[in-house]
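Number of protein chains: 2
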Amino acid sequence: MIKKPLILVCNDDGYRARGIQELSQLAVEFGEVVVVAPVFGQSGMSHAVTLNHPIRLKSSSMNNGFSAFACSGTPADCIKIALNQILDRKPDLVLSGINHGSNASVSLFYSGTVAATIEACMNGIPSVAFSVDDHSPDADFRLAIQYARPIIQKVLVAGLPLGTCLNVNFPRISPEQCKGIKVCRQTIGVWKEEFDKRTDPQGHDYFWLTGEFSNDEPLAEDTDEWALKHNYGAIVPVSVDVTDYPAMEALKLWVF
Amino acid sequence: MIKKPLILVCNDDGYRARGIQELSQLAVEFGEVVVVAPVFGQSGMSHAVTLNHPIRLKSSSMNNGFSAFACSGTPADCIKIALNQILDRKPDLVLSGINHGSNASVSLFYSGTVAATIEACMNGIPSVAFSVDDHSPDADFRLAIQYARPIIQKVLVAGLPLGTCLNVNFPRISPEQCKGIKVCRQTIGVWKEEFDKRTDPQGHDYFWLTGEFSNDEPLAEDTDEWALKHNYGAIVPVSVDVTDYPAMEALKLWVF
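Heads up: the sequence lines are chains A and B, in that order.
So the first sequence is numbered by the working numbering: it starts at 1 and just counts up by one.
So the second sequence is numbered by the working numbering: it starts at 1 and just counts up by one.
Errors might be hidden in some of the hints.
Since the list gives no way to pick out one identical chain from another, each pair is judged satisfied if it fits inside one copy or across any two copies.
[Unchecked claim] Computed cross-link-like contacts, PhoX-like style, restricted to lysine-lysine with a CA-CA straight-line distance of at most 25 Å: (1) Lys192 <-> Lys58; (2) Lys58 <-> Lys197; (3) Lys182 <-> Lys197; (4) Lys229 <-> Lys252; (5) Lys197 <-> Lys3; (6) Lys90 <-> Lys4; (7) Lys3 <-> Lys154; (8) Lys154 <-> Lys4; (9) Lys179 <-> Lys3; (10) Lys90 <-> Lys197; (11) Lys197 <-> Lys154; (12) Lys90 <-> Lys182; (13) Lys182 <-> Lys252; (14) Lys192 <-> Lys90; (15) Lys90 <-> Lys154; (16) Lys252 <-> Lys4; (17) Lys154 <-> Lys182; (18) Lys90 <-> Lys3; (19) Lys179 <-> Lys229; (20) Lys192 <-> Lys252; (21) Lys154 <-> Lys179; (22) Lys58 <-> Lys90.
Hints listed in this document are in silico derivations from the structure and should not be mistaken for laboratory results.
Work out the full structure, taking the sequences as your base and the hints as a guide.
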């Protein structure tokens, strides 16, 4: 008997989020599914790992055709502990999300959802992050699910190049409004911060981090932000090797 | 009168660490220096940002020719709050470190020190992370300082390409043992985890994250790990654009 593919599912919104529940249900169509996800929301935790606290694991009661574990650590911790302590073999695929909120452009740097796929990718496992540009708990995931199905199918059959994972984002629209899905590059842009400065009852200042994304190239049709804005899904292949090769040649001319 | 260059200094080991004190003292040779660094150690925090807690700032008493602020947040928070709340103009350079511990190869993904430079780079500011492969509080930073001086000088004069920052690592050796510094690519490798499973007095399991780096290409002479192992410093130019361009072409053949 051929074993079904083993699919590990993670996210950064926590194991109870609707996005991961929908993604896990979809994954069950393709193989044996194990969910290992944070107990609480870990948005903005990037690729952080937990070094100074012990990590706790508990079996969750989700169990809709798959086993699930809630982990007290970060998304990267979830992947690490799944590979080392939970799974009895290397997964064939890691899925992360569906994130409540876009991880397009440089948002991927702050994203725990994308970090989970990068962690899997470092371990030689094909991995895909899915996100929808809608932070609400009851976001509409129909469009994401519609495209996630063939993407999962394709990655399970064809794999991904070693050192490459996928960052897939969808706009906040219905499937009917969507014009398709495009392979894109990461948009050049930056989050412009506006700290909200307040004073506590003891008279001490404190700050809340707020900000908005600023797109440096809103007219570039090959970018993920352009795709989302124009009602397309966006697939960006992400490289674990972040060496800037063209810059290497210039730097080699420096003499010390 | 020509203004001196403004240099922002950050790290992830906390504002009291010896590494940042040595780097700040060096930076004073080149311009006006402002230190904004975490109150406590933030190793392994990657590019995390603080969304669910307020951020506190306090003026520190370091003041050896520069002003210093301790920030309750992450290294990425430090850069954001420095740019938005502390500095009266955009810095000419951001330096991060000197980190107590190597950030070569994929360790850069977990590093708050490197994340601070990436955050600066996104904001169009030339930035350099320095690390020494020695975690001890009284690590020998002489070699790092020896090479940091001409690197800072060069970056202040020549700048760096937009979207590129530098990840500079040094082995744990004396300046006399060092054979030079090499421009390298990021080594392909992975941290292999071995969770240390223990049981608390209440009978519940918990895990400590431990692990060791596994180099997939120990013989590759153009990599940063090879350089460190062979008594060279290593400069890796890091790209903020992590799009895998060759993979884009392959993915465009996928049809949905």
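Which earlier hints turn out false for this structure, listed by number in ascending order?
Per hint list: 3, 5, 9, 11, 12, 16, 20 violated.
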